Structures are given as C-alpha cells and as structure tokens.
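Read top to bottom, the protein sequences are chains D and V. Heads up, the first sequence is in the numbering used here, so the first residue is 3 and it goes up one at a time. Heads up, the second sequence is in the numbering used here, so the first residue is 6 and it goes up one at a time.
No lab work stands behind these hints: they were computed from the structure. None of these values were measured; they are calculated from a predicted model. C-beta atoms are modelled at their ideal positions from N, C-alpha and C, and glycine is treated no differently. Hints may be right or wrong, so weigh each one.
[Said to hold, decoys possible] Covered by chain D, according to a simulated footprint, are these stretches of chain V (three or more residues, beta-carbon under 8 Å):
hint, segment
1, 56-66
2, 114-124
3, 194-203
4, 216-226
What follows is the residue order along each chain.
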Amino acid sequence: MNIEGKKLIWKDYQKEIAEDDFFYARSCVRQSFFPGSETTFLRILRDELGKNIAEHPFHTTCTGIAYHSDIVPFETTMTVVARQFALMTEAGYQNYVPSCITSFGVYVEILDTWHHFPEIEKKIRGYLKEATGKEFEKPRNLVHSSDLIYKFRKEIAEKGKFRLVNRFTGEPIRVVEHIGCHYAKMFPSKGVGGAEYPHVLIGMIEDWGGEVVDYPERRHCCGFGFRQYVVKANRGYSIACSRKKFESMKPYKPEAILTNCPGCPFFFDRWQYALSEMEGVTYGEDGQGIPVLTYEELAGLILGYNPWDLGLQTHQVPVEPLLDKMGIPYDPEKKFLGLHGEYLGKPEEPGVLKFCH
Amino acid sequence: MGRLYDLLSQDVRFKEGLKACINCGTCTAICPAAEFYLYDPRTLANILQSRDEEQIETLLKSDFIWYCGECMSCKTRCPRGNAPGLLISAVRSLSQDLGYFTESEKGRQQLAIKRSIGEWILNYGYCLYPEEITTHDHPEQGPVWEWITANLKAVLGRFEANYQEEGPGIFRKIPQDSLDEIKRIFDVTGGTERFEKLEEFSRKKAGEMGMEFSPGQESEYYLHVYNTNNNQHCKDEH
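Next comes chain D alone, as it looks inside the complex (with noise of 0.2 Å):
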C-alpha cells in the first residue's frame, strides 16, 4: 500500500494540532490531585519547547462534573463555556487548550451541537450578555492538553535525558495506556486516533523508548461514573470498574500505567491502596501496586525533572519502583519537604501495600 493511500484510510483519525499560542484552561481534578502536572506542562510548554500559553485567573470550572452527574442544565454548562471562551477571546487567544477530558468533551459537544443547532448558539449567546455583558468567539482551534505533548513528543525524546527502559535488562519497559473516556468516545474524530485506535498516550510510549501492553480491558472506562463516584453509596461501581481493568492487565505484568485524563490517575492510584486494604491484594511485582503516571509526570521524567517537583510524592501507590528501573535519581529524603524546605512529617503506613520513604 502506498502512503497516499494509507493517509486517506487513516484522514478521519487525524487532528489538527495548533503549532503555538494556547489559552489554557485548568482541571479541577488535576490541580486536587496531580497538583505538580500542570505546572510541569507549562515548564515543558515554555521552557523546553518555546512555546507561548498563557492562562487568565477569572477562568472557573466549566462544570463538567455538575452537568455529567446532572445537578444542572445543559444551558447553564453552555453559558459557563461561553464565558470561557469570552475570556479567552478577550485575551486575544484562538487555540483553546483545557486541562481536563470531561472539560474538553464538554466543550466538544457543546461546538457540535451549536454546530447542529445554531438557535441554541444564539441562545447561549444572549443569556451570557445577559448575565456578564460579554461577547465571544468559538476556538479556532480545540485540542486537550495531551494533545500537545502528543505533538511534541519528538522534541521531548530528543531533549530527554531518561528513556522507558529498564536499565538492568535493556528491555523496554511494559506499560498500560489508558484514555479517558470523554477524549474520543462520544466524538471519535476529535482524538488523535479516534475512539477505536487512540494513539495519543501510544505515541508518547513508544517515541520515549517503552512497550505498550495490550489486554482485555483496555478501553474499559476507569469507573469515576460521576454521580457513581461522587456519592457515597455508589462508589461499589467505581471500584469494580477499576478492579476489572486491574485484573485484566494483572497477567501482562504492566510496569506503569499512563493516563491521559485527571480522574482515571485518581482511581487507579487510591483503588489500588483501597483493594490492599479490602482484599490483601496488590497488582504490582513484590507486594508493590502499579505506579500510575499522569502524561505530564511522565514527560518530565524523561527530561530528567527532580520527580518531587512533579509531585510524585502525592501517589498513593509508589512510583519509586518505577524510578529505580529507569535509573532516575532520587532523594528519599527530599520526598516530603514543603514549600521552604521544612520537613513536613510522613505520611502513615498503608497496611498491605509496600510504601517507600
């Protein structure tokens, strides 16, 4: 087959990426948990690849898991993304890049549907001037933040100063892909890949020297479910969800898992500490669990980031195992020092899970 040909069965799986000048709106979710990815993005973002993004402090939550767990309406979310987009119209930005996946499938939906239905994009229009006075214009351009480290993953290898090979054996090493449902699902063509054959977290494993594992249930959804996870009494769906994805992967002997989205690193990292405490059972080799990477930790491994300014150190599960397989230093000491360098005591013990200090 000839290139030509490939590119045209392959065209409805490609994306356009911006080449520089983002807005970039921030996640809920990732700041809780993974609070040192999105500062590590935009080191990557400016220092490392030159590139100009910038964000506005006025920018809120889009919503996402009020809309998807459906405590408000779906024109409540538009206006709030309407206002959004204001800000970054304002700001003189056209390529809008959120943080979050269910922030950047809500945007997605809401352009197709004012795509369909122009009425509601007129609508939303009127009931953000009505509520704020301002005025907007709808993204040039569209992309999730993994996108750009999708785009820009030969830059970071080739800067890279640590590769996804285990130093002992040479081997690359295995690791587990997982996309969050909401980047390509609901609209395959807007991920780079499309929903069947994401090729977003693929492309940075293997430009940066590891193995995809393939199992089972690879695009089975982390079970964060919204309303599923949020309320107490729900969280049996989570867990499961996440459990079934562990005992998949389990034969294939995954050394990490990476993620794209903010609440599958979330899950897979406490539903590991949470099944070792319920079960006894750990996933990982010697009683340890899997190490789980956000796409933004992981980028700054390779280029030989101190892993306690990723924020490693905020794991449930340890990514030590990880580290001392890549040869990556580290000070154990170092692990949990606050802003000033104070010690800030360490965390307690997990019962079963192996912990590292």
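Given chain D, work out where chain V should sit, using these hints.
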C-alpha cells in the same frame, strides 16, 4: 404523542441521542453500568421510543435512570449513532424538573450532589476543593491525602500553586466578580431554578419520610441519601 414524551423531545440531547433503536443490544454489551447494576441501555432506548406515557413515568421515578455513569461508551459503538448516555441526561433533567427523582433511592442522592459539587461551584468556582475532600467521606483517599490536606499550603506551594491568592495558578482565589458572573449565569439559564427544585422536592420527601431536613451536610436526610444503599441494585444481589 403524550406529555412526557413531548417534554423530552424538547431536549436537544434527546433529539441527538435517539433515532430508531434496532434493539441490537450493542450498547448493553459495552456498558460498564450494565455489568454492575440492574441496568440495560437497550431497554432505556426501547421504552423511550415506545412513547408509552405510563412506562416513561415509571422510568422517571425509578432507580434505573440513575445507574448510568455517563462514560458514553454506548455512543461509540451504536450502529445507528444513538447515544443512550445522552438520553439519560435528558430523562434525569426531566425527572428533577417534575420532582420524580425523590421517588427512588438513587434519585434522592441528587440533593447530596447539589450540596457538594453544586455549592462548591458557586462558592469557590471549582467543582472540587481540597479542603472539602476528607478521608471521613473518602476513606479511599488514604494516608497520603491525609498528609497533603494536613499540610495543604506547604505541599501545594512546592508546585508553584497560588492557593487562595489573587492572580493565575493552581487553586487561585477566583475573584468575587467572576463568582458573581457564574451566579448570574445560573440565574438566567435555569441553574438556580434547578437547585431550588432539588431543595424543595427533597424537603418535601424528607417530611414524608419523617426525617430532619436542614441546610449543609449534617442533616438526617442528607446523611441518609449520601450513605444509604439498600443493596438491591446489583445483579449479584438478586
């Protein structure tokens, strides 16, 4: 056509989510909720396209419509381009507008979501706020979260956070002007009316159930809807 079907048809997500369903069951095969709960998106689509008012009313008052996790896996696989996950959003909206949500255990939980996520949006400008996430309500968070929240400013500060301060950055303080804009958006778009209905219908149900009802997260009714599981929702419980 009947009244409830007409109301659902006004929701754009209902229009987008349902062409003629051919009952192939592909959505159910892929659905995480169908594997865990007594749930079946094929049945949902089939009841809705039947336009049977009695069945739709029963649906709107049932636990069934609250089982979906809105992962939208169904949307990817439906050979007709239907999206049961979008239909769920439409039926849940109508169930809340009509006050039917308080007729089921899972539906009554909407009050707990409004009083957490909903109020954090209006109070802070965020869907989540670290100080509100405790290991009492979230034991799965584990000891590292205990350590983080006990040292929040020092830990977040290490990542150049701007915690509760003005300007950009992680967990910056959202200015009051911006929070006021969000509140006005809620006022003009039906968000405030939805919250008021969730409170009012829940207060009424608490009275019927003989439970104490007051604002916040400590009342008897709030704790009941947040914590109660009658263990009759899953396949292995039947």
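Results of checking the hints against the structure:
Coverage of the segment 56-66 of chain V by chain D is violated in this model, with 0 residues showing a Cβ closer than 8 Å to a Cβ of that chain against a need of three. A stretch counts as covered by a chain when three or more of its residues have a beta carbon under 8 Å from one of that chain; for the segment 114-124 of chain V and chain D the count is 8, and the coverage holds. For the segment 194-203 of chain V, the assignment as covered by chain D holds, since 6 residues bring a beta-carbon within under 8 Å of that chain's beta-carbons and 3 suffice. Counting residues of the segment 216-226 of chain V whose beta carbon lies closer than 8 Å to any beta carbon of chain D gives 0, which falls short of the minimum of three for the stated coverage.
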